[in-house]
Every structure is written in C-alpha cells, then in structure tokens.
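Please take these sequences and the hints and turn them into a complete structure.
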Amino acid sequence: MADEKFDVIVVGAGPSGNACALTLAQRGLSVLQLERGEYPGSKNVQGAILYANALEKLIPDFREDAPLERHIIEQRIWMMDDRSYCGAHYRSDDFNEEQPNRYTIIRAQFDKWFSRRVVAAGALVICETTVTELARDGNGKVIGVNTDRSGSTIYADLVVLAEGVSGLVGARAGLRSVPKPDTVALAVKEMHFLPSETIDARFNLQGSEGVVIETAGTITKGMTGTGFIYTNKESISIGIGCLISDFTENQETPYGLLEAFKQHPSVKPLLAGSEVKEYAAHMIPEGGYKAIPQLFGDGWLIVGDAGQFVNAVHREGSNLAMTTGRIAAETIADLKANGWAMNASNLSTYKARLDESFVMKDLKKYRNLPNVMHNKHLFTTYPQLLSNAAQTWFRVDGVDKKSKENAIVKSFFKTRKVRGLLGDVIGMARAWR
Amino acid sequence: MHIIVCIKQVPDSAQIRVHPVTNTIMRQGVPTIINPYDLFALEEALRLRDEHGGEVTCVTMGPPMADNALRKCLTYGADRAVLLTDRFFAGSDTLATSYALALLIKKVAENWGEPDLIFCGKQTIDGDTAQVGPGIAKRLKLLQLTYVAKIEEFDLEKREITIHRRAEGGIQVLKTKLPCLVTMLEGTNEMRRGTMGDALRAARSEIITWNAAAAGITELALCGLKGSPTIVKKVYAPSPRAEKAYQIEVEDKSVDQICEALIGEVTKRQPGLEKDLVKTSSDY
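For the record, the sequence lines run as chains F and L. Be aware that the first sequence starts at 15, since it is given in the numbering used here, and climbs by one per residue. Be aware that the second sequence starts at 5, since it is given in the numbering used here, and climbs by one per residue.
Heads up, a few of these hints could be off.
[Claimed, not checked] With a straight-line Cα cutoff of 25 Å, these simulated SDA-like cross-link-like pairs (lysine to any residue) come out: (1) F/126 to F/205; (2) F/247 to L/83; (3) F/375 to F/263; (4) F/19 to L/83; (5) F/126 to L/35; (6) F/304 to F/263; (7) F/247 to L/69; (8) F/126 to F/67; (9) F/126 to L/212.
These are computed hints drawn from the structure, not numbers from a lab.
Here's what the structure looks like:
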C-alpha cells in the first residue's frame, strides 16, 4: 500500500467528530474518520436529548429524515426525598412549533443517520478501527495516526481528537491528562419499552409530543448527581449519574441507585408493565471550564467531550460537541484555504473562536459551580426540608397558617443553622452569577 | 482462480424478540449482521486465494441496505462485491432464492470468469434451512460438498479438493473435482481482521448493484413471493420450560451420598443413562 495522506483525520464518530468531518468534507477537504465501534453510534451513549439549534447549523433540513423520537413540550424539575417530589413544571403549546427546539433521540439510530450524511458529504468513514497512537515527526508535530489494523501509518496535515471523554489517544500522547474522578460523572440508564399510547396516557401527551423530567435529591444519597426520565416514541429512558469520586468515597453502585430510583413511589407507576430493552453506562465530563485541557497544538486539536465541553447545569453536551466540531472544522478549512500551516500558533484561532461562542461563555459563567455542587446538603437536607415544608403547608389539620409558616422557617434554620444557610445561598449565587 | 462467496445479511438473532401480544417478530431496530456461517466460508475463500492467487467475489441478494454487509466483506479482504436487489425478489423462499442466486452467479461468471469454487455458509441463522447452498449447486449442475469442517487439500493443478465433512456418527473424507460448491460449518477458522489498506479500499469502493434485469433474470414468476411455494402458516414464541432447577439437600451428607443422590436424580429423568453408566463402570 502506498502512503495514504489526508488533509484531516478525525478520531471518533460521535457528535463532535461527525460535525467536524461533515463540515470539513463540505468545505472540500479530504477527510478520513476512524471509529472503533462496529458502526457510528454503537458505542455512543447519551440520555438523550437533541438540541436542534446546533444541528440546524450543520444540516438545516435534518428534520426531514433524521430519526427523531419526540419533540419536547414539557420540562419537569423534581426535588425528591424518599417518598415525595416537589417540583416545577413548564409546559407550553408554543413548543408544538413547526421547527421544534428539542427532541428525544436514540443515539444508536441517530448517530448512524448522522454518519450517513458525513459519508454523503464525501468523507471516508471507517469503523471497527481503533487509533492506537499519534505519529509525530522529529519536531514533535503530529503527522498522522497508527491503528490496530496492520498496515503503515496514515498521514494527515491535522488530527482532530473527537475521541470522547475516555479516549486514550490524546492521553497516551501526553496532549491531555486522563480526567480526574471528581471531574467525571458516571451515569447509567435503562430503556423501558412501552406502547406509545401508554406513554401518551401516562405523561399527558399526544402525537409526537414528549416530556423530560430532571431530578435531584435523596435519590443520589448525598452524592453530587442527578436523575432523569425522558420519553421516547415507544420507550422511556431512565437514568441516574454521580461523580465517580463520590461513588468511590461512598461505596455506592450506579445500578444500586438506579434500582432505588425506579422503585421510588413517584417513578414506579410511570414504568409499570414495561420491559427493559437495553441498558448502558457512560462517563460525562463535568469538570466545567476549569477542567478544559489545552485544545490545540502542532498538527492536532481537540473537540467535544474529550475537551470537557459539557454544561452540567443545563444538561447540555451533544450541542457543545457539535458546535466545537463545527468551529474546529471552519477554522481548519479557513487555514487550508489560505495555505497556512496547521501549527499551534495558527490553530489558536480555534480557541479564540470558541471563546466568542456560547460554548465558552456558558462554561465560564458556571466555572465555580462544580465546587459549590460538592455539597451533600443540596442532595439530602434541602430536598427533605422542601418536602416537609410543602407537606406542612398543604396538609389541612386545624393548625393556623401563621404557625405553619413559623414552623417551616424554623425547620430550615434549625437544620442548616444561619451560617450554613447563608454560606449555601451566597456560594450558589456567586457561582451562578 | 475465481472464488464466489454467497453471503446473507440477517437480523442479529440474539437481539430479536417476539411481541408478547401479537406473536410477530419485532424486527424494528434490530441490528443486522453477516450470517455467521458465511464468515467461515469467506475466510476459507480468502485463505485459498492468498495461497493460490486469484480473486474472491462476494454476492448477496437482499434489500439495498444489504450493501453494508458486502462492504464489510470488502473490509475483510474480498476483491469484489455484487448486490442483487429488486422488489421482485421480496418474499423469496429457498427455492426462489437459489434460483435468483444461481442466475446471479452465472452473470458474475460472464463478467469476471467462471468460478472454480463457490462457498456458502452451511445455513442462515434466520431461516435455518440449509437448502440454498445445495439449491444453487443443483441449478448450476455443480458437485456439492456440504457441512464441511475442514479443507484437507486443494490442488489447483489437478483441479481437486479434499475435505472433511461432518456426518452423523463421524467424519467423511471426500475428494472431488473442481468446480464445486462448498458449504462451511462453524468453527472451521477464525475471521481475519482486514488490513488498513483493505479498510480504505472498502470505504472507497462502490458496491456493484444489479436489479433483476441487469442480472439477466427475466422469468420473474420464479422469483420472490410468486416463485415461492413455501407458506408461513404461523409464527410463535416457544413456551418457556416449565421445569425448574431441582435442588438436592447436601447438608450433613458425605460426598458419596451426594453423588448417589445426584446420579439418582439424573437417571430418574433419563432412564437410558443408567444402563450406560453400569456398563462404563463394569469396563473399569
């Protein structure tokens, strides 16, 4: 085999890699995309919610043939203790718009579709092929990749690492460190099969309308984490995740939490009579702004989860992945069009463009939040206080309302004390600002 | 040398479920794979090609989606892949399938040379009939070697092949003349991992796709549902076994007692076994 050389090699076929390869191919660059899974999506796991905006920028007409499950018209946020939830729901017919804003998707199907678009745009996509290491020249510039298939090095002007949160290529090459346990969450989920009519009835839906429920509280046993319930066409995705460091410290298991979550009296009826179709686990980078590694260098750059681009507060990740992939590709294509070298100083425009985008602005806004969230009171004490308060308020038992108010206020101060309450409020407010 | 390998894209049977209410097979979202027996056939073909030179052509009949399976064959190292796809072929049973495949093979032979060998898997995992391979051989008037466990000798000069065939009660060693059709058993070899060069070539290749007319198939009454005398009367899920695991109480018992109890329970369920056991023990 003669030496193969491409303009760009993209490692990984998730949302960031696909966005990058698609944009590069559309701009006329020769692209090789390598994916270790049997097919694009076979190893990719997400809740999963698709935010239309990021995809629209890549494939404006995606709604015509992308495998979408339900468009989301209602968001529920639940604070849960062991027997109750106290929540806020927002539902609007405005979300039944012509071009809905959010959808539930099944990633194995969606990623396959996405990849077909990448192939159609002209990129060469090869699956079941693991990139084992980056090839470098004498000056340390990345010049290509070696794979687990026999054959010589494949060369490229630039290698894009879209290898996901646990990708090893970048770590092996010393370009980024393996994420630390307190910056990565481990989430597990199950898909429960139910007829669509049953889902419609249980969640008050019709047609392709969908609901998402995000939850926090005692379900994570004091650990930093959240749970979710999403409606698909003919299944319900239910999952829960916590920081890996918390799992280790507390000797809890992810499946143990999920089992308990499913048994919660507010959740159990939603799943009644369902059949588990599949289960999956995935790591989520949640270190935020401060955990973002060096993103570019001579002959390489990083996009997506590999760069810790996840907004844990707003449960956004795949849209950040697509956006970083697209911005990276636009940068690369511009450099190529001008005949500029793919070196660190030229690639720094990638970082500059990211800083101007919502990706960095959002992550920067919440840069202190990961620290504040390491507070078990948020996941145990407050949900319980909230539930007790609500119950005191709503239970009609001959006690006058003023006394009820006093009891509620007192319960907060008694449990968390003035300093604790103030500290939590100020910490949260500052991190949010 | 020209070797043709017949493959089929099948739903991954490990992931198929029967709908509890309607008793129909739920195919939706079930991933497809290359029929596992066909992979043993393909690897055997690739080995012979590597040793003796020549080309391997993979063929299949199926929906347009089946080009995935063929592309995979190219990734493994096949030289060429041909897909026969047309709505006339929908609903084919083994009779109609072997008819279409036989004509497809004739057309492939016209284009790229008469095959010295045709390989098939012993059967598919979705139909389990093992009829298509022999059906093709019969229609092409080829010698056939079925249930082949091993290719003992292959002599291209003498145009002879010697194989081990798994038969009831033993192994048959058979020798025959080329050209012939071979159906391969499982576990005969291990599928290789194609090289990076193969993977790139596969990704760049166009799968040669023919409809009925392009393959020279004109007698459409012999194809698809029309050409298929087989009628599926009923599909049902096997009822779960009623029998539960039987537990033997072992507390305060010696090893001998436990063994006796165990043998007693087994022979109670399989009466013939006792006689064999008695015979075996008297042999010692």
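Of the hints stated earlier, which fail here?
Failing hints, ascending: 2, 3.
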